[in-house]
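Letter by letter, the chains look like this.
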Amino acid sequence: MLEALLTDDDRRFRDEVRAFIDASVPRDLRERVAAGADLGKDDYVAWQRLLAAKGWLTTTWPAAEGGCDWSPVRHYLFEEELALADCPPVGLTLGVGAKLLGPILCEFGSAAQRARLLPPIRASAVWWCQGYSEPGAGSDLAALATRAELRGDEYVVSGTKIWTSYAHWADGMCCLVRTDPAARPQAGISFLLLDMHAPGVTVRPIAAINGRHFFNQVFLDEVRVPVALRVGAENDGWRIAKSLLLHERLAAARVAETKKRLRLARSVAERIDFGGRRLADCDWYRMRLGALEIEARAIEQTALRYLGQTMAGTPPGPEIALLKVRGTELYQRLYDLLCDACGEAAIPLAPPAADDPAAAHAFNANRMYARGFTSAAGSSEVQRGILAKSLLPA
Amino acid sequence: MYLPQTDEQRMLADAALRYLHGTPQPALGEAARLGWIGAAFAEADGGHGGSAADIAALCEAIGRAGATLSWFAAVLLPAMLLRHVADAALRARLIGACADGSAFAVAHQEAGTAFEASSACATVIDARGAVTGVKQRVWGAHAGSALLVSAAGAGGLGIALVEAGAPGLRFDAVHADASLPWARVAFDGTPARPLITGDAPARAALAAAADFALVGVLAESVGRMHAAFEETRAWLATRRQFGRPLAANQVLQHRLADMFIALEESRSMLNLAIHAHDHAAPADRGAALHAGRVHIANAARMVGQSAVHLHGAMGITEELGAARAYRRLEQLGAVFGGADHHLARYVAATGGRP
Ligand SMILES: Cc1cc2nc3c(=O)[nH]c(=O)nc-3n(C[C@H](O)[C@H](O)[C@H](O)COP(=O)(O)OP(=O)(O)OC[C@H]3O[C@@H](n4cnc5c(N)ncnc54)[C@H](O)[C@@H]3O)c2cc1C
Numbered sequence: 001m002l003e004a005l006l007t008d009d010d011r012r013f014r015d016e017v018r019a020f021i022d023a024s025v026p027r028d029l030r031e032r033v034a035a036g037a038d039l040g041k042d043d044y045v046a047w048q049r050l051l052a053a054k055g056w057l058t059t060t061w062p063a064a065e066g067g068c069d070w071s072p073v074r075h076y077l078f079e080e081e082l083a084l085a086d087c088p089p090v091g092l093t094l095g096v097g098a099k100l101l102g103p104i105l106c107e108f109g110s111a112a113q114r115a116r117l118l119p120p121i122r123a124s125a126v127w128w129c130q131g132y133s134e135p136g137a138g139s140d141l142a143a144l145a146t147r148a149e150l151r152g153d154e155y156v157v158s159g160t161k162i163w164t165s166y167a168h169w170a171d172g173m174c175c176l177v178r179t180d181p182a183a184r185p186q187a188g189i190s191f192l193l194l195d196m197h198a199p200g201v202t203v204r205p206i207a208a209i210n211g212r213h214f215f216n217q218v219f220l221d222e223v224r225v226p227v228a229l230r231v232g233a234e235n236d237g238w239r240i241a242k243s244l245l246l247h248e249r250l251a252a253a254r255v256a257e258t259k260k261r262l263r264l265a266r267s268v269a270e271r272i273d274f275g276g277r278r279l280a281d282c283d284w285y286r287m288r289l290g291a292l293e294i295e296a297r298a299i300e301q302t303a304l305r306y307l308g309q310t311m312a313g314t315p316p317g318p319e320i321a322l323l324k325v326r327g328t329e330l331y332q333r334l335y336d337l338l339c340d341a342c343g344e345a346a347i348p349l350a351p352p353a354a355d356d357p358a359a360a361h362a363f364n365a366n367r368m369y370a371r372g373f374t375s376a377a378g379s380s381e382v383q384r385g386i387l388a389k390s391l392l393p394a
Numbered sequence: 395m396y397l398p399q400t401d402e403q404r405m406l407a408d409a410a411l412r413y414l415h416g417t418p419q420p421a422l423g424e425a426a427r428l429g430w431i432g433a434a435f436a437e438a439d440g441g442h443g444g445s446a447a448d449i450a451a452l453c454e455a456i457g458r459a460g461a462t463l464s465w466f467a468a469v470l471l472p473a474m475l476l477r478h479v480a481d482a483a484l485r486a487r488l489i490g491a492c493a494d495g496s497a498f499a500v501a502h503q504e505a506g507t508a509f510e511a512s513s514a515c516a517t518v519i520d521a522r523g524a525v526t527g528v529k530q531r532v533w534g535a536h537a538g539s540a541l542l543v544s545a546a547g548a549g550g551l552g553i554a555l556v557e558a559g560a561p562g563l564r565f566d567a568v569h570a571d572a573s574l575p576w577a578r579v580a581f582d583g584t585p586a587r588p589l590i591t592g593d594a595p596a597r598a599a600l601a602a603a604a605d606f607a608l609v610g611v612l613a614e615s616v617g618r619m620h621a622a623f624e625e626t627r628a629w630l631a632t633r634r635q636f637g638r639p640l641a642a643n644q645v646l647q648h649r650l651a652d653m654f655i656a657l658e659e660s661r662s663m664l665n666l667a668i669h670a671h672d673h674a675a676p677a678d679r680g681a682a683l684h685a686g687r688v689h690i691a692n693a694a695r696m697v698g699q700s701a702v703h704l705h706g707a708m709g710i711t712e713e714l715g716a717a718r719a720y721r722r723l724e725q726l727g728a729v730f731g732g733a734d735h736h737l738a739r740y741v742a743a744t745g746g747r748p
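Residue numbers (this note's numbering), protein chains in the order written: chain A, 1 to 394; chain B, 395 to 748.
FYI, nobody ran anything at the bench for these hints, they're computed from the structure. These numbers were taken from a predicted model, which means no experiment stands behind them. For each residue, glycine too, the CB sits at the ideal point set by N, CA and C. Please note: incorrect hints may appear among the correct ones.
Stated by the list, open to error - Going by beta-carbon spacing under 8 Å, a handful of chain B positions derived as facing chain A:
| no. | residue |
| --- | --- |
| 1 | Val645 |
| 2 | Val702 |
| 3 | Glu712 |
| 4 | Ala717 |
| 5 | His735 |
If we strip away everything but chain A, and leave its shape as in the complex, we get:
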């Protein structure tokens, strides 16, 4: 249990987070998040700046760089409070600068890169996207073919990135490129920071089945990137890209996001008529919801066990991969339940004029989006492969 891991200081900290949310986060923003609305860039930037003003946008960075030096428990607590209070997410998709690039620069960046690039991220003055995947390189990321050739003090980058979330909002891209085609695939990759406004960058939107725009394909045609914007050594990009904070691996369990939706599945059922009875009074629904609640607890208790282990100085090994598998799969099933609860009202993807007390169209849109979670960031098969490899070493 989380409570058992908390000190009095942690509890005071939790009160501070709650007070911050109450005092500073606009009601209407939280209501739109609760309703599953499709927020715009302005909403996310305004929210990130609110966090930045409090010093809480870049919590996972070292204190010397403007981070928080929190214990793992405190990170967990912080994220849970924000999510449960319907604050917008700042994760690896919508907070690439703060959550992905920032920690990478803190660990692998030069002093000059840190001095130049970290302050605008801390202030949410720039938007970064993640340019890893390519048409031929998905699960097999090391197959990436975007080529970067060194000419003088610039790399010339050509190729294409795909599934680049929010590239259409981005000022910069964390771009994995091939710098040594002769080396073993993982050994010839470098990590470049590419200006999305540079000549040669074209962003093509990709329509998603939920009617929302997040995906893009990015074409790179002889885009010039100064050598000074390579992070780490040439051909050392794979190690950098694979470094993921323990915090993010725990977050992959989506514990708070799941709790919130369980709560939603309860409250929505109060308002839905199922053949003349309140859905909340139907046994089948209560049992289905109860069963998912138990599964959610199993994931939460596992995440907390790993958190406790980490606090005790014996962090989990490869087994932590199970959190992403179970967390995303449960999250998807919860959306199935939410949509089933709403029945025909969950058929549309856009808000109907009326007749939708539960905002079911947003459940439908988010359900479709969530289908991607078992593919993204290491698919369920890839994660199970990691587990199997550690259990059955060759």
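Take the given structure of chain A and dock chain B with the ligand to it, following the hints.
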């Protein structure tokens, strides 16, 4: 169950599949010219079919082709209600109009529940034939649709005809998505012509319409599952990661095999539902239709979600047929009440005993 298609059914399905690959959204007039609407009527009514087996053959082809036609709403519900009109001359005239491609829609559902013959009906029809009330979910209706409205009068529930553009008619397109649109329609002293009167005949006609349309929904689901399955099968063979096709991974082979199992069983349950619809006694017919609905909705979700997942990120894009198939399968799984709804009714119909 083994239920071979007749030559006529097979020809209709093959021709429709070919046609829809070129024209995925033909207008009703065009569908009428092709003889598709006539499949919903028996020869005695001037049609060339009229059984669940006939319309299932067509609806499966619609699903296979990935066409965005809400056939169940635009054709099946109104056709079955019109078949129950007692006045022979009136029936012949209306069926003729329907088979020629005139737009009809059935206005029955109120207050958010699924389409049920037994639902309470707050819409009323007075002695002069004026209808007043609100229908929340009128599938496939647009401003040019003639409406077959359920309304309570002195003799209980009845079905009446309201012409498009009649006075006191208010039409709100609530969900205008081309694939499965519905409208909310309000009547305020709107003149109507009674078609089916007396509570029992009207309820029986609505129940028959719902069953007929549900078979169409199940058949379309099976067609869509088939298409999503085939697309995924081809994808596993062509997509390469880690230097080999995805199909080389046993876990993906088994996932595809599970999709196939779900598709095969769904086809059998569709046949059972078709046969029960056309031949079984009412009690067995209900159980078979509920069972078909439950099994096919669950299988469709499994097949659709697997097709999406096995395509990786591409699985959630509009460009991919299998992705659109998944979205459509979820929609088809929700109309007329989803699996949970029909499971409850199945258990009630069978007393919990198989
Ligand atoms: C919502 C979302 C957001 C994303 N955002 C970004 C982004 O911002 N930037 C970015 O670079 N990328 C992004 N991606 C892409 C993501 O990284 C890829 O989807 C992921 O790497 C999988 O690659 P793929 O989609 O090409 O699928 P593939 O690798 O082609 O996989 C297809 C299917 O095969 C399975 N599979 C593959 N290999 C094996 C194997 N060896 N054994 C068993 N099964 C296997 C997979 O699990 C999957 O089910 C995003 C994806 C999603 C869904």
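So, going through the hints one by one against the coordinates:
| no. | hint | verdict |
| --- | --- | --- |
| 1 | Val645 | holds, 6 Å |
| 2 | Val702 | holds, 5 Å |
| 3 | Glu712 | holds, 4 Å |
| 4 | Ala717 | holds, 5 Å |
| 5 | His735 | holds, 7 Å |
Every hint, counting from the list given before, is met by this structure.
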